[in-house]
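Take the sequences, apply the hints, and build the full model.
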Amino acid sequence: MPKSMEPGNPKIVNVHKYLFVLTLTIIIFAAGVLVGNSVASAKISSIQNLGQTLRTDILALELQYNIMESDPCRGIGFGPLLEELYTLGSRLDFMESKSGFDNDDVVRLKQYYSLVELRHWLFIKKLNTECNQENNVILYFYSNKGDCPKCEDQGHVLSYLHNKYPGLMIYSFDKNLNNPALEAIRNDLNIQEAPTIVINDDVYPGYQTRSFLEKLLNYSVENEQITE
Amino acid sequence: MMEFGEILISIIAFVSLYTSIFFIITLIEHRNNITKGEHPKKHPLVCIIVPCFNEESTVAKTIDSLLGLDYPMKKLEIIVVDDGSTDNTYKVAKQYESKGVKVFRKKNGGKYTALNLGLSKTKAEFVGALDADSFVDPKALKRMLPYFDNPKVMAVTPSLKIYNAKSWIQRIQRVEYALGIFFRKMYSLIGSINVTPGPFSIYRKVFFEKHGYYKKAHLTEDIEMALRIQTHHYWIENSVNAYVHTVGPSTFKDLYNQRKRWYSGFLKNTIDYKNIFSRKQGNLGLYTMPLALISIAILIVSFFYMLYKFGESLWNMYIYARAVEFDIFRFDLSFDLFMLNINTVLILGAVTLIIGVILIIIAAKLSKEHDKMVFSYIMYVIAYGFLFAFWWLVVLINSLAKKEVKWTPKKTISKKTLS
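Protein sequences appear in the order of chains D and Z.
Using our numbering, the first residue of the first sequence is number 1, and each one after it goes up by one.
Using our numbering, the first residue of the second sequence is number 229, and each one after it goes up by one.
Hints are supplied without guarantee of correctness; some may be wrong.
Below, in silico cross-link-like pairs of lysine-lysine (DSBU-like), each with a Cα-Cα straight-line distance of 35 angstroms or less [claimed, not checked]:
id	chain 1	residue 1	chain 2	residue 2
1	D	LYS215	D	LYS126
2	Z	LYS443	Z	LYS319
3	Z	LYS508	D	LYS17
4	Z	LYS289	Z	LYS349
5	D	LYS17	Z	LYS502
6	Z	LYS351	Z	LYS322
7	Z	LYS444	Z	LYS335
8	Z	LYS537	D	LYS110
9	Z	LYS496	D	LYS17
10	Z	LYS444	Z	LYS394
11	Z	LYS537	D	LYS43
12	Z	LYS433	Z	LYS327
13	D	LYS17	Z	LYS593
14	D	LYS17	Z	LYS596
15	D	LYS164	Z	LYS537
16	Z	LYS537	D	LYS150
Over the 12 angstroms line for every Cβ pair with chain D, so calculated as not near, a few chain Z residues [as the list claims (entries may be wrong)]:
id	residue
17	TRP396
18	TRP490
19	VAL633
No wet-lab data here; the hints were simulated from the structure.
No residue lacks a Cβ here, since even glycine has one placed at the ideal position from N, Cα and C.
See the structure below:
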């Protein structure tokens, strides 16, 4: 103890107190970290739950479609399902963008999500051909491996269009995802680069501006809004 | 991998958690000796010096508050020193001579010269100063003097409150001062007070005789006095229920000038007394002074980080606007709770804020300031970090550029504040 520190001096360093406070701080800090981590894993399972719900919804719709085969084109509402798809998609994007979440769980969910999207897309195509509906459909192939500087802008344009035209169906696919179904579509449409946009089976490689896409869609989208 | 922002928030959370727990435990440790009883009979001679420079609007109220002190008048000497005012300060003070107040006038030389003139005119055992923009509570002196029973104690500080907080700038200061009351008490309990505030700190006169009068001390003689007492291994106490009300700057500019002077004074005096960072100074040298410097550093880094983040989000907004060809009013404002990134960092931030609220409640209890504190606290949390970082930044830049800080008196004390 320095000479200046006679007993009773408030300046005296109480090492035990400092260590006790340190212990308490570490405990509270660790508790915060634990709670944070458990919230993160709760999020993963909530995504999985959403996936489950979606699977059930799709099945229900298809059953409905099967039952109503005699008159398949009446009473099939796909709107709520599509909104759920969008919610799931943006949540997946969010989780993917957060560091620490690019784990197998998220990749698996993304695989599953892409398949659900494909299924929905095929369903809409069926409606278009068999029921003479004119649902406008956009397929969007992106990459987030850093090799697509324009993908962010393209994403902005598409979510803008989604907000502006509620009837427009947009399905986005990670170009780099490996699964046989997606590969088949990619080969079929000859998708080489990201971004690439497919509108009602016409392929437009490279970045497409808002005005160009609106010009392509405008007539039929507005037409559709009128009939709704 | 953690982002820089996450690391930064974790550090802030850890440091503020540690500090808060440390002081809450200190409070619990000393819960039975937070205040001291008054002496019913012992009344030593006390001299209060009121240095003033162009303070005609407040000096009368200041002297009145001194005359209203609960203390035998023949044991209380009041010396007003007019430091070359160009307004009616001297005339106003002169009117109090009939009530036993001594009034002196000198050429302008700075606050410390006025204080020293007062010091040279008194034989009192204890001397204090009261800035001419502050008013004492009648009980203040009686509650402070018992601490001098310990011969090691060379100074006792009061609890400062903001007088009649009206503007939002003053209301933020009110929270700051209430927290200051808590921290000053805690600092006194661990021998770490590093400023004996101009408004009504009382000193043992013998200290001045042994170790010299007030110094210019970069226009913050109150910081220098505290550091000088500490380096001579004497003690500084705090009387938490000795209230002094001070008029806080009411405009951003006045506050900015005041803080520029305070913080650059703290920095320069700390450099002058750099030996204070030593084991010999115990808690002061090993914990509280380093903590002050670390906090300032963290704050300035956070300031730049927030600025960077703000710029980044502006840039992202521009990118979005450009992509949608500036039809930005269709921007999707719907909010998905899922996207709220509830992670460790957010939880730690919340814990820190909650601890802050607990401290405010304790501080409000200690300072007996409980009305409308919640709203002021919200404003304080939002604004103070930025203001504090900004002031420190200015001070650091000025110090590096070796720019001299000048005394800029408050220009705007409205009649409303004084009513």
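The hints, checked one at a time:
1. For the proposed pair LYS215 (chain D) and LYS126 (chain D), the alpha carbon gap of about 25 angstroms is at most 35 angstroms, so the pair holds.
2. Note on LYS443 (chain Z) and LYS319 (chain Z): the hinted pairing holds, with a Cα-Cα distance of about 28 angstroms set against a maximum of 35 angstroms.
3. Straight-line distance between C-alpha atoms of LYS508 (chain Z) and LYS17 (chain D) comes to about 18 angstroms, which keeps the hinted pair within the 35 angstroms bound.
4. For the given pair, LYS289 (chain Z) sits about 23 angstroms from LYS349 (chain Z) by alpha-carbon distance, which is consistent with the 35 angstroms threshold.
5. At roughly 26 angstroms between alpha-carbon atoms, LYS17 (chain D) and LYS502 (chain Z) fall within 35 angstroms of each other, so this suggested pair holds.
6. Proposed proximity of LYS351 (chain Z) and LYS322 (chain Z) is supported: the alpha carbons are some 22 angstroms apart, at most 35 angstroms.
7. Note on LYS444 (chain Z) and LYS335 (chain Z): the hinted pairing holds, with a Cα-Cα distance of about 16 angstroms set against a maximum of 35 angstroms.
8. Among the hinted pairs, LYS537 (chain Z) with LYS110 (chain D) is consistent with the structure: their alpha-carbon atoms are about 29 angstroms apart, no more than 35 angstroms.
9. At most 35 angstroms may separate the alpha-carbon atoms for a hinted pair to count; LYS496 (chain Z) and LYS17 (chain D) meet this at roughly 31 angstroms.
10. Taken as a hint, the LYS444 (chain Z) and LYS394 (chain Z) pair is honoured in the structure, with Cα atoms around 32 angstroms apart against an allowance of 35 angstroms.
11. A hinted pair counts as satisfied when its Cα atoms are at most 35 angstroms apart, and LYS537 (chain Z) with LYS43 (chain D) qualifies at roughly 26 angstroms.
12. With a CA separation close to 24 angstroms, the supplied pair LYS433 (chain Z) and LYS327 (chain Z) stays within the 35 angstroms bound.
13. About 25 angstroms separates the Cα atoms of LYS17 (chain D) and LYS593 (chain Z), which keeps this hinted pair within 35 angstroms; it holds.
14. Our distance criterion of 35 angstroms between C-alpha atoms is met by LYS17 (chain D) and LYS596 (chain Z), whose separation comes to about 29 angstroms.
15. Annotation: proposed proximity of LYS164 (chain D) to LYS537 (chain Z) holds, straight-line Cα distance about 29 angstroms (limit 35 angstroms).
16. Restraint check for LYS537 (chain Z) and LYS150 (chain D): satisfied, since their Cα atoms lie roughly 22 angstroms apart, inside the 35 angstroms limit.
17. Interface exclusion of TRP396 (chain Z) from chain D stands, the closest Cβ pair being 32 angstroms apart, more than 12 angstroms.
18. In this structure TRP490 (chain Z) is separated from chain D by more than 12 angstroms, as the shortest Cβ-Cβ distance comes to about 24 angstroms.
19. Residue-level check passed: VAL633 (chain Z) sits 30 angstroms from the nearest beta carbon of chain D, beyond 12 angstroms.
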